[in-house]
Structures are given as C-alpha cells and as structure tokens.
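Since the structure of chain A is already known, use the hints to place chain B on it.
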Amino acid sequence: MPRAFALRGVPSRRFIASLSLIAAGAIWLSACSTTDIAGGTTVPTLVIPPGPPVAVDVALLPGKWGLASYRDEKDRARTQAEAKSACGNPYVIASGSQGGVLMHLPDQAQPTEVFVKTTADGRSLIGPRGPVGMPQDRVVMYFQGGVLITEWLDPSAKERYGTMLFVRCA
Amino acid sequence: MKRKSLKSLLGVASGVVLAGVLGFGLIGSTGVEAKQRKELTIQDQPGYVPTPEEEMLPAQYRPQPVYFRSNEAPGTIVIHTDERFLYLVQDGGRAIRYGIGVGRDGFQWQGLVKITRKQEWPDWRPPPEMIARQPYLPRFMAGGPGNPMGARALYLGETVYRIHGTNQPRTIGYAVSSGCFRLVNRDVIDLFNRVPVGTKVVILQSAKL
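Note that the protein sequences, when read in sequence, are chains A and B.
Position 69 (the first sequence) corresponds to 69 in the working numbering; numbering is contiguous.
To convert, count from 1 in the second sequence and add 1000; that's the working numbering.
Just chain A, same shape as in the assembly:
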C-alpha cells in the first residue's frame, strides 16, 4: 500500500511484528545464558535443575538397552519392568569415533555423537560437544546397576517424552 495512504502516528504492522519478535527473543534468552566457545561462537545454555551428583563412565554406555518413559515417580518401578521387557526391540547405543557414543537428540531420526559432560558439583549430562547445559543435553538422574535415567534439559522435549529410563539388555 503506498505510503501516501498510511496513517500518521500509527506504527506499521511490520514494525509491530519486529518489536514482538525482539520481545519474544528477550523473554527466551532470559531463561538461559550464553557461553562463548572456541571460534567466538556463543551457544545458549539452560539452567540445570537441582539433582543428585551422578558419575557416568562413557565406556559403560554402548550396548542394547530397553527404553521406556514415565512422568510420575510412582510409575518408575513398573516402567523399569516395562523397559526390561522392551529388550525385544532395544535402543542401541554405539561407540562414537571421537570418544563419545551415538545417541539421538530430541526429535532427530539419526543419532549424533554425544559426550559426557560434568558440572563442578558432580552432575553429569550427555550431549553434543560443547558447553554444559546445551538445550540438546540430557541430564543424568541415575546410573547404577544397569539402569540409566535421564531427563531432557530442554523443557519442551522433557514435556513430550517424560523421564527416559534405560535398562541394559542381557
């Protein structure tokens, strides 16, 4: 529409849309921080929810795992039994070529090489190479006795998939 027909003093729709985008970006960024990595690139990182320190030996991850998920702690025991039963269609974690393991990131059909990352207070995360707390990281909640429990750090992925429980297959 020619500028001659624009109303004076009324912001254009494009201007308002731009302001909205800036505001939305500011709100998103306020929930995370950024970390400079080599090469000057900044990567947004998320706050890691409180939890127990868990040590993870990456050498113990490759193998076949029964995979199930739950949302409520009351369902954990039976979900673990279901995960064991799911060894008939196991989730396979393979060794990576760079010292990590191959696992899927949220909603990705192909696996990515991921690494164990640790925080100063002993928390462990599994995610792509980069700083601790990337949105694609999984927080390890438990790793003992052939049982691995993780939660996606990204709130959307966590909401969709719940708490992921892996049981090592025989």
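Everything labelled a hint here was simulated from the structure, so no lab data went into it.
Being a predicted model, the structure only gives us computed values, none of them experimental.
Positions of the beta carbon are idealized from the N, C-alpha and C atoms, including for glycine.
Worth double-checking, as some hints may not be accurate.
[Unchecked claim] Only some residues are given here: those of chain B computed to face chain A with a beta carbon under 8 Å:
| no. | residue |
| --- | --- |
| 1 | Gly1047 |
| 2 | Pro1128 |
| 3 | Arg1133 |
| 4 | Gln1134 |
| 5 | Pro1138 |
| 6 | Ala1142 |
[Unchecked claim] Once the Cα atoms are required to be at most 25 Å apart in a straight line, the calculated SDA-like pairs of lysine to any residue come out as:
| no. | chain 1 | residue 1 | chain 2 | residue 2 |
| --- | --- | --- | --- | --- |
| 7 | A | Lys74 | B | Gly1146 |
| 8 | A | Lys74 | B | Gln1119 |
| 9 | A | Lys84 | B | Pro1127 |
| 10 | B | Lys1118 | B | Gly1198 |
| 11 | A | Lys84 | B | Val1160 |
| 12 | A | Lys158 | A | Ala94 |
| 13 | A | Lys64 | B | Gln1134 |
| 14 | A | Lys117 | B | Pro1135 |
| 15 | A | Lys84 | B | Trp1121 |
| 16 | A | Lys74 | A | Met141 |
| 17 | B | Lys1200 | B | Glu1158 |
| 18 | A | Lys84 | A | Arg160 |
| 19 | A | Lys74 | A | Ala157 |
| 20 | A | Lys64 | A | Val92 |
| 21 | A | Lys74 | B | Trp1121 |
| 22 | A | Lys158 | A | Asp72 |
| 23 | A | Lys84 | B | Pro1145 |
| 24 | A | Lys158 | B | Gln1043 |
[What the hints assert, rightly or not] Per the computed footprint, the stretches of chain A lying under chain B, defined by three or more beta-carbons under 8 Å from a beta-carbon of chain B, are:
| no. | stretch |
| --- | --- |
| 25 | 52-62 |
| 26 | 127-133 |
| 27 | 137-150 |
Then chain B, alone, in the frame of chain A:
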C-alpha cells in the same frame, strides 16, 4: 405419441428431483460425511497436551441424546465405524451419541465383545512402524496427560481393541492410522463413568460391495 413422450419426460424429471431431495437428506451434514470418509494423515504426538479450545468439538461430535432404533438393551455400546459415532443405548429408543475417531485397528473386524477391563490414564506403546521412523521413542510410555492413549481406556474382550481417549482432539470424526476407537478425554471420561466392566459392545462396519 408426443403425450407419451412428455409423460415419460415428466416422470424422469420427477425421479431426478426426488432422488436429489433424498440424496440431500442422506448426505445431511454434507461436507461432514465426505470428511468422515477421509483418513486424516497424522501421527501420534506423545507429550502433546491440547488446549481447552482444541478440545471443543464441532457440534455434531459432542455427546448428545439422539433417537436410536436398536434391538440392543439399554447400556449396550454400539459403534458405527463409518459414521464415526459411538452410541450408548438408553431407554425409549434413544441413545447418547459420541463422536469418535477410528484407527486402522477399528476397521479390521466387526462383532460382539464385552468390556473386560477399564483403566484410568492408560499406558501407550508406540507401534513398531512408528519406532522404526523415530528410534528415539520410548517403547513404553506410562499414562498421563499428553499420552496418546488419553485419560481412560475400555478394553474389549481378549483382543487388542479398546475404546480410549486421545491427546489429538482434531482426529475425532476421521479415520486415522493408529489406535482403535478414540474419544476426546472429556467424553471418554464421561463414557467410562457410565459403563461397567461386562458392558456389551457391538461394532458395525459398513457393507463393502
């Protein structure tokens, strides 16, 4: 001769008009029936929680009392898969009609079964073909909001078939690829509360020529 031809023409024209009127009556909700025969290409969405607005179904799919002629006793469930309606037979030639979505399993057979089990917030197991496409999916997801099985399940006989809820309200009225007979969560809770274990369920498929 000319009078006979005119009579024939009038007869044919009357027939066409009558057929048109009847056809319109049968089509009834017009675009609705055409829509009902379509399959909605949509995958299960684990973790998706619909908004209250999405859970508001079009008027014809909301639970409502209807006239329903049947020899079945009150309390029987009758499912017409082609119509995408589930009827809970009531007294006096009436029924409560619920809109449903019908999964591939729901078209596989017809007959009589009974409800053998009821479960709140049932668990979900993705089908193998879905796991093949999305290998990161859990093979078992414990029940809860966002679970594709929805808020309630009524298990039919010793079969894999069930009447269940859904986290995808827009599949109501359609044929879909997965599941069996699905209702929105509010409606499946309503039905769940009305029918006991042992309820007779009649599943009717349309005749195929």
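Verification of the supplied hints:
The criterion of a C-beta within 8 Å of any C-beta in chain A is met by Gly1047/B, whose closest approach is roughly 3 Å, and the hint holds. Checking Pro1128/B against chain A by beta carbon gives a least distance of about 7 Å; that is within 8 Å, so the hint holds. Hint status for Arg1133/B: holds, given a least beta-carbon distance of 7 Å to chain A, under 8 Å. Checking Gln1134/B against chain A: minimum C-beta separation of about 7 Å stays under 8 Å; hint holds.
Using the Cβ-Cβ criterion of 8 Å, the hint placing Pro1138/B at the interface with chain A is satisfied: the shortest such distance is roughly 4 Å. For Ala1142/B, the interface hint holds, the least distance from its beta-carbon to any beta-carbon of chain A being 4 Å, beneath 8 Å. At most 25 Å may separate the alpha-carbon atoms for a hinted pair to count; Lys74/A and Gly1146/B meet this at roughly 17 Å. Taking the CA atoms of Lys74/A and Gln1119/B, the gap is about 16 Å. The hint holds against a cut of 25 Å.
With a C-alpha separation of about 17 Å, the suggested pairing of Lys84/A with Pro1127/B holds against the 25 Å cut-off. About 10 Å separates the Cα atoms of Lys1118/B and Gly1198/B, which keeps this hinted pair within 25 Å; it holds. Proposed proximity of Lys84/A and Val1160/B is supported: the alpha carbons are some 21 Å apart, at most 25 Å. Only pairs whose Cα atoms come within 25 Å are accepted, and Lys158/A paired with Ala94/A is accepted, the gap being roughly 23 Å.
A threshold of 25 Å between alpha carbons decides the hint, and for Lys64/A with Gln1134/B the separation of about 17 Å falls inside it, so the pair holds. Distance hint between Lys117/A and Pro1135/B is fulfilled; the C-alpha atoms sit about 24 Å from each other, no more than 25 Å. With a C-alpha separation of about 22 Å, the suggested pairing of Lys84/A with Trp1121/B holds against the 25 Å cut-off. For the hint pairing Lys74/A with Met141/A, the CA-to-CA distance comes to about 16 Å; that is within 25 Å, so the pair holds.
With a C-alpha separation of about 13 Å, the suggested pair Lys1200/B and Glu1158/B falls inside the 25 Å cut-off, and the hint holds. For a cut-off of 25 Å, the pair hint linking Lys84/A to Arg160/A stands: about 22 Å separates their Cα positions. Note on Lys74/A and Ala157/A: the hinted pairing holds, with a Cα-Cα distance of about 21 Å set against a maximum of 25 Å. Taking the CA atoms of Lys64/A and Val92/A, the gap is about 5 Å. The hint holds against a cut of 25 Å.
The suggested pairing of Lys74/A with Trp1121/B holds, with an alpha-carbon distance near 13 Å, which does not exceed 25 Å. Taken as a hint, the Lys158/A and Asp72/A pair is honoured in the structure, with Cα atoms around 13 Å apart against an allowance of 25 Å. Distance hint between Lys84/A and Pro1145/B is fulfilled; the C-alpha atoms sit about 24 Å from each other, no more than 25 Å. This hinted pair checks out: Lys158/A and Gln1043/B have alpha carbons roughly 19 Å apart, not beyond 25 Å.
Here's how the stretch 52-62 of chain A fares: 0 of its residues keep a CB closer than 8 Å to some CB of chain B, so the rule of at least three is not met and the hint is violated. Coverage of the stretch 127-133 of chain A by chain B is violated [criterion: at least 3 residues with CB-CB distance below 8 Å; count 0]. Counting residues of the stretch 137-150 of chain A whose beta carbon lies closer than 8 Å to any beta carbon of chain B gives 0, which falls short of the minimum of three for the stated coverage.
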